[in-house]
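Undergrad: Residues per chain are reported as follows:
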Amino acid sequence: MTPRSDDACRTAQYAGDVPDSLVGSLREVAATLVSESDTSHALTTITDACAESLGTSATVVMVHGALGEMRVLTASPDDPAIVALFEKHADNGPWVECQRTRRAEGFAGPDEAARRWPDLAADAATARCDAALSMPMLLAGDPVGAVTLLYDTATRLSDRELDLARLLTDMTTLSLCQEPGAHRVESLARHTVTLLNERVQLEHAIGMVAGRLDISVSDAQSALHRHAQTHGLLPSELARSITLGVVDIGELAG
Amino acid sequence: MDKRRSSRLGHVVEIIRRRNTDADWGSAVCSACATSLDSIEAAALALRSAAKTLDLLGASHETAALAEDLQFSLGEGPCLAAFDSGRPVLVADIRTSVDRWPIFGREGHRIGAIAIFAFPLRVGAIRLGTLGLYRSSPGDLPTRANTDATTLAELITYTLIGHSDIDAVRSATYRDVNLATGMLAAQLSIGLDDASARLRAFAFAEGRPLLDVAKDVLERRIRLDGAAP
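Chains as they are written, first to last, in the numbering used here: chain V, 1 to 254; chain P, 1 to 229.
Only chain V is shown next, with the shape it has when bound in the complex (with noise of 0.2 Å):
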C-alpha cells in the first residue's frame, strides 16, 4: 500500500498483482476450511488477512442471536473498547445498515459518522475508530451477519480493496458453514452458538483468572494467553479446563 497521502483522506492502489502475503493468507483459509473443521482457526485467518491486507486497525464479525439481535463472534484485536463500542450500538450502525441494503456500508470518516449516525460518532471516536466499513454476510442471499473493517483515520477503500473485503467477508461466511449444499444454513446455526459459547466461556475463564490472582482483567488475558501458547492449547480449550476447575490457576501467574 502507498503511505498516508497529504488529503484528508487515505486511499490507496496496488501496484499490479495481489501481494504475496495475501496469496498466502487466502491459502491458509482455503486449506482450513476444507480440513478437518477448526472455525475459530479460520476466523483468525481471515480477521489476520484483513489487517495485513486491508490495513485495518482492527475487524469485527457480528453474527445473529437466537432472538435476531446482532452479537459480536469475534474482534481482532479483541480490543474492550472495540467490543464494547460494537455491543452498546449493536442495533445501530453500518454492520445493521448492510444487512438492510445487502451493500456495504460505512463512513470514511468522522463527519460522515456523525451525519449518518449521530449517536454512534461520539463512542466511535473514544474507541479511535475514524473510519468503519460493514460487509453484510449473505448466505442464500439472507444477511446473517456482517464483517466490519475499523480504521484509526479516515479511510475511504479503493474499488480492487472493496472486491477484496468482499471475497474475505464471503470466506468468512463459508468459515461458519462447513457443511456443503442445503447443509450450509443449518451448520451456521451450530457453529455460531458454539463460538458464542466459547467466547463467553472465555471472558468466564478471563475474569476467574482475574480474580483469583488479584490482577487486571488485561493482565489476566495476558497470562492466559501465555499459558495455553506455552502449553500448546487453545485459549478456548483452557479456558473450558479453567471454568470445569481442573486448572490450578496459580500456574497461571508470573
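Think of the hints as simulated: they come from the structure by calculation, not from any bench.
Any given hint could be a false lead.
[To be verified] Which stretches of chain P does chain V cover? Using the computed rule of at least three CB atoms under 8 Å from a CB of chain V, they are:
hint: 1; segment: 114–124
hint: 2; segment: 144–150
hint: 3; segment: 185–193
[Said to hold, decoys possible] Cut-off 20 Å, straight-line C-alpha distance, at most; resulting in silico cross-link-like pairs (SDA-like, lysine to any residue):
hint: 4; chain 1: P; residue 1: K215; chain 2: V; residue 2: E87
hint: 5; chain 1: P; residue 1: K52; chain 2: P; residue 2: D69
hint: 6; chain 1: P; residue 1: K52; chain 2: V; residue 2: G245
hint: 7; chain 1: P; residue 1: K52; chain 2: P; residue 2: D24
hint: 8; chain 1: P; residue 1: K52; chain 2: P; residue 2: E76
hint: 9; chain 1: V; residue 1: K88; chain 2: P; residue 2: S171
hint: 10; chain 1: P; residue 1: K215; chain 2: V; residue 2: D123
hint: 11; chain 1: P; residue 1: K52; chain 2: V; residue 2: L244
hint: 12; chain 1: V; residue 1: K88; chain 2: V; residue 2: E69
hint: 13; chain 1: P; residue 1: K215; chain 2: V; residue 2: S216
hint: 14; chain 1: P; residue 1: K215; chain 2: V; residue 2: D214
Treat the numbers as computed from the prediction; the structure is a model and nothing was measured.
Glycine residues also receive a C-beta, built at the ideal position from the N, C-alpha and C atoms.
Put chain P on the given structure of chain V with help from the hints.
TA: Structure of chain P alone, referenced to chain V:
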C-alpha cells in the same frame, strides 16, 4: 427458511416467550418441541446441577419423563453426558451404546426411548440443564431438526435465566458481565452459575443495570459478599 418450517418454529418460540404467563410452561414447551421438530416424538426439559440434582420442568409424553427419571436414578445417560460436557449428545440407537452407558443402554429402550438427542442448556460455562428429545425408532437426527433444536435450546436457556427480551439478553452476554461473573466466582469461591445469579440479584435489588454493576465489580468497587473491597 421455508414458510412452513419458520411458522412451526415460530410457534415454539411463542410458547417459550410465554414463560411468565403460562402455568404449565415447561410441558407446553416440550409439547411444542415434539410437534414441531422433524422426526421427534417426545421431549423433556430438565434443570440439573453439578451436584447431580434433577428438576423436571416438563415433558410432552410419559416416555420422555420416564427416560429422564431413569437416567437420574442410574446416574448415567445421554442427558447427563450433554450436561457435563456442555455439548449435544446425539444417539441414533441407545441399544448400541452399552459400552458408554452400560445399564441405561440396556434399560432405556424398554421404555420406548431408542433414539435420544440431548441438548445442553448453557450460556458460556454456566450450565442450567438439558432439553432431551426422544424417538421410539432408531435413526439420526435430521440436520434441520438439529439446528432448530440448537436454536430452541439457546432461547429456552435465556428465558430460564430471566432474560427473554433482546435488550436483557444482549446486556447479559456483554463482555464486562461475563468477566465480572468469573471474577466474582473466583473471589467468593463459588460456581459460575451462583456468581451469575448473585450478580443479577444484586442488580435487581439495587434497581441498576446489570452492566453497571458488572463494571463496579471489575473495578473492584464492590464484592457482593457483604465485605468492603
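Undergrad: It remains to establish, for every hint, whether it holds in the given structure.
TA: How the hints compare with the structure:
1. Look at the segment 114–124 of chain P against chain V: 3 of its residues bring a Cβ nearer than 8 Å to a Cβ of that chain, three or more, so the hint holds.
2. Proximity of the segment 144–150 of chain P to chain V, defined as three or more residues with a beta carbon under 8 Å from a beta carbon of that chain, is established by the 4 residues found.
3. Remark: the segment 185–193 of chain P is confirmed as covered by chain V, as 4 of its residues place a Cβ nearer than 8 Å to a Cβ of that chain, reaching the required three.
4. For the given pair, K215 of chain P sits about 14 Å from E87 of chain V by alpha-carbon distance, which is consistent with the 20 Å threshold.
5. For the hint pairing K52 of chain P with D69 of chain P, the CA-to-CA distance comes to about 12 Å; that is within 20 Å, so the pair holds.
6. Between K52 of chain P and G245 of chain V, the direct Cα distance comes to roughly 17 Å. Compliance with the 20 Å bound is thereby established for this hinted pair.
7. A distance of roughly 24 Å separates the Cα atoms of K52 of chain P and D24 of chain P; the hinted pair therefore is violated under the 20 Å criterion.
8. About 10 Å separates the Cα atoms of K52 of chain P and E76 of chain P, which keeps this hinted pair within 20 Å; it holds.
9. For the hint pairing K88 of chain V with S171 of chain P, the CA-to-CA distance comes to about 9 Å; that is within 20 Å, so the pair holds.
10. Annotation: proposed proximity of K215 of chain P to D123 of chain V holds, straight-line Cα distance about 18 Å (limit 20 Å).
11. Restraint check for K52 of chain P and L244 of chain V: satisfied, since their Cα atoms lie roughly 15 Å apart, inside the 20 Å limit.
12. Between K88 of chain V and E69 of chain V, the direct Cα distance comes to roughly 12 Å. Compliance with the 20 Å bound is thereby established for this hinted pair.
13. With a C-alpha separation of about 13 Å, the suggested pairing of K215 of chain P with S216 of chain V holds against the 20 Å cut-off.
14. Between K215 of chain P and D214 of chain V the CA atoms are separated by roughly 16 Å; this keeps the pair inside 20 Å, and the hint holds.
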